[in-house]
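So the protein sequences, as listed, match chains A and B.
The first sequence begins at 1 in this note's numbering and counts up by one.
The second sequence begins at 1 in this note's numbering and counts up by one.
Keep in mind that the hints were calculated from the coordinates and are not lab data.
None of the hints are false.
Simulated pairs of lysine to aspartate or glutamate, EDC-like, Cα-Cα distance not exceeding 20 angstroms:
id, chain 1, residue 1, chain 2, residue 2
1, B, K346, B, E95
2, B, K281, A, D131
3, B, K36, B, D100
4, B, K37, B, D100
5, B, K254, A, D131
6, B, K254, A, D5
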Amino acid sequence: MPAPDFVLNVVLSGILTGMVYGLMALGLSVIFGVMRVVNFAHGELTTLAMYATAVACEAFHADPFVTLVPVTLGFFGLGYLLQRLVINRFISRPEHTQLLLLVAIAIVLANVLLLVFGPDARSVQTDYQLDSIELGPLLVDSTRVYAAGTALVATLLLFAFFRGTMMGTAIRACADNQRGARVIGLHIEHLFAVTFGLGTACVAVAGSMLVLLFEVTPASGPAYTLLGFVIVVVGGLGSMTGALLGGVLIGVSESVAGMLVTPSAKSMISFALLILVLTFRPSGLLGARR
Amino acid sequence: MTIDRRVSRRAFNTLLAGASVGLSSAPFGVVRAEAKKLKVGVLLPRSGTQALIGQSCFKGAELAPSVIKQLLGVDVEILSADTESNVDVARNRAERLIQDGAHVLVGAFDSGHTSAVAQVAEQRGIPHIINIAGAPQITEQGYKFVFRNFPPAPELVKNGLSLLNDIFTAAHTTPKSAVFMHVNDTFGQSMAKGVLGNLPALKLPFTITETISYDPAAKELSLEVAKAKAARPELLLVVCRLNDAIVLRREMVKQRFAPMGIVSPGSPGLYEEQFSRALGKHAEYAICNTAWYNPKSQATQLVSAALKKSEPQTELAFHGTNVGYTLDAILVAADAFKRAGSAEPKLLVEAIRKTNIASNVRMSLGGAIAFNAKGQVEGNRSAVIQNLRGKPMVTLPADIAGATVVFPSPEYKKS
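All chains, full assembly: derive it from the sequences and hints.
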């Protein structure tokens, strides 16, 4: 039987990593929840955000928590323009054409990264990357704590935006009834573009944090896309709370499974969880039942 | 206008037959014409997860033409290919090198990539000389064109584990328990099999309380390290690559996991330049009992001088094994080419089989390079390499040692 402090450390580490995963998946969930578009380029956008952070940190000798703001704003703009200029034309088209478009965007992004940065891994070095915080029997990786804290703040801001602002309310109205929203004079195209921008901004924050934890290569994208899908399907596609819960659940289940079985089999557990959810609750843990 | 009329059907047929004979014999003519220079196709993972080690090996290939010219008087041309740390790419690049006229293939550092290259070489009938790859099965499959001057994993492990007792004796300290962590790729699995299989016979003083395998491309190893730490071992035995070795060591620092020592019984990673650069003081005291280079051999002297000239900032100690075994593989090819007097594959293979390069000529550490019936060189030696004052130093065996082994590590905390 593993020692209690070991179990607590592993669970806490899983929760912290899961919160960053949750934020990344939140972007996917927000976009689908409002626009019903499944973003297959999600992982590649995450990878792009990781590269943007690495490059900005290197160029300005700055900390990722400093470059976070310009990178997020830049990604909001990128997402807004991407939706407005490209994806918007596909909103009313069959789903398979949307899929093809976003897969094509993903491939283009991955290859541009490969062309510009080469296939080697990149990461961000900070002064505090080897620090840990001691809390009684617990020893917590400080980088993971900062990353999870940032993910939590970003998530709360997003919730506040959707619940407490006029634009957030308007976007939710669009999500509930597009025709009704159009009838009362809402500018749907603009609201969709803002939503895509917000989803991409979530990815930027998550990417800025992920590059603190993991190295990035141009080929990292598909793994993040898959992870994002697993999280939102487990949590409930379109549910913001579900995405966060899914992230934490996947993070913790992988950690606990690694502890009890073998660490190299940890991803197997998240897929087992996905199968269980798809079998017994296809709409996800917090998704609306249809 | 009149030419058609002047050329009779018989003359045309004669011309056609003559042209056919000429064209079909042309490649042999080309081979004969090119036989003054040996074209060596070198396959290494120069990008991707194993890029840093691949680039380190490539230094050996870059220095080979001038060093071999001085040693043997043979002209060698290097055709290089990047396997991108990917098995499929390795296979495709091997095909491409053969199409580009490589007379012999050398590489490919990783056992998985090497297996793929070996299959291509065997199918195409082109000699393949392995520089570094430990999976034993590569030379156990009855291949006729594949040769290896590198200890297979069981031998590498046995050599490495045998040196552990020498460390404990020299340091007057004996750990009682160990955790064994290893990568789960082809090389790692072979090494793990070797470690777990050899331990009982070698009667080492410690017992392995936990074995943890992990993906060499793992982005993080926090769980693996937490699991290792929870077992409270006195020794951490690792079979790693470079990137994961850095991730692993960083995680150990974060989790304040400080056993008596981190020892590899024969894998790369711990003695590499990038390991020391990325980790600074945290790279110190890591030990690797591995195949090394002979600082006193003729090839080493020439390589050392050439490296000082071409890359004055580069310390040979960081690249010794990678450069040494890569250079030796090309040396074997050049030596065979010289004796065969031809780059024709079958003649080259016959000559490679009769290789006998003296231990004081080759760069890597071991006896004479001579292949057995399976195409494997026996008798390659290992040394205890420890990171001391920012670079890898030979601490055992005594005949080539440049420093005294430090064990346990000064940061060792008894849990």
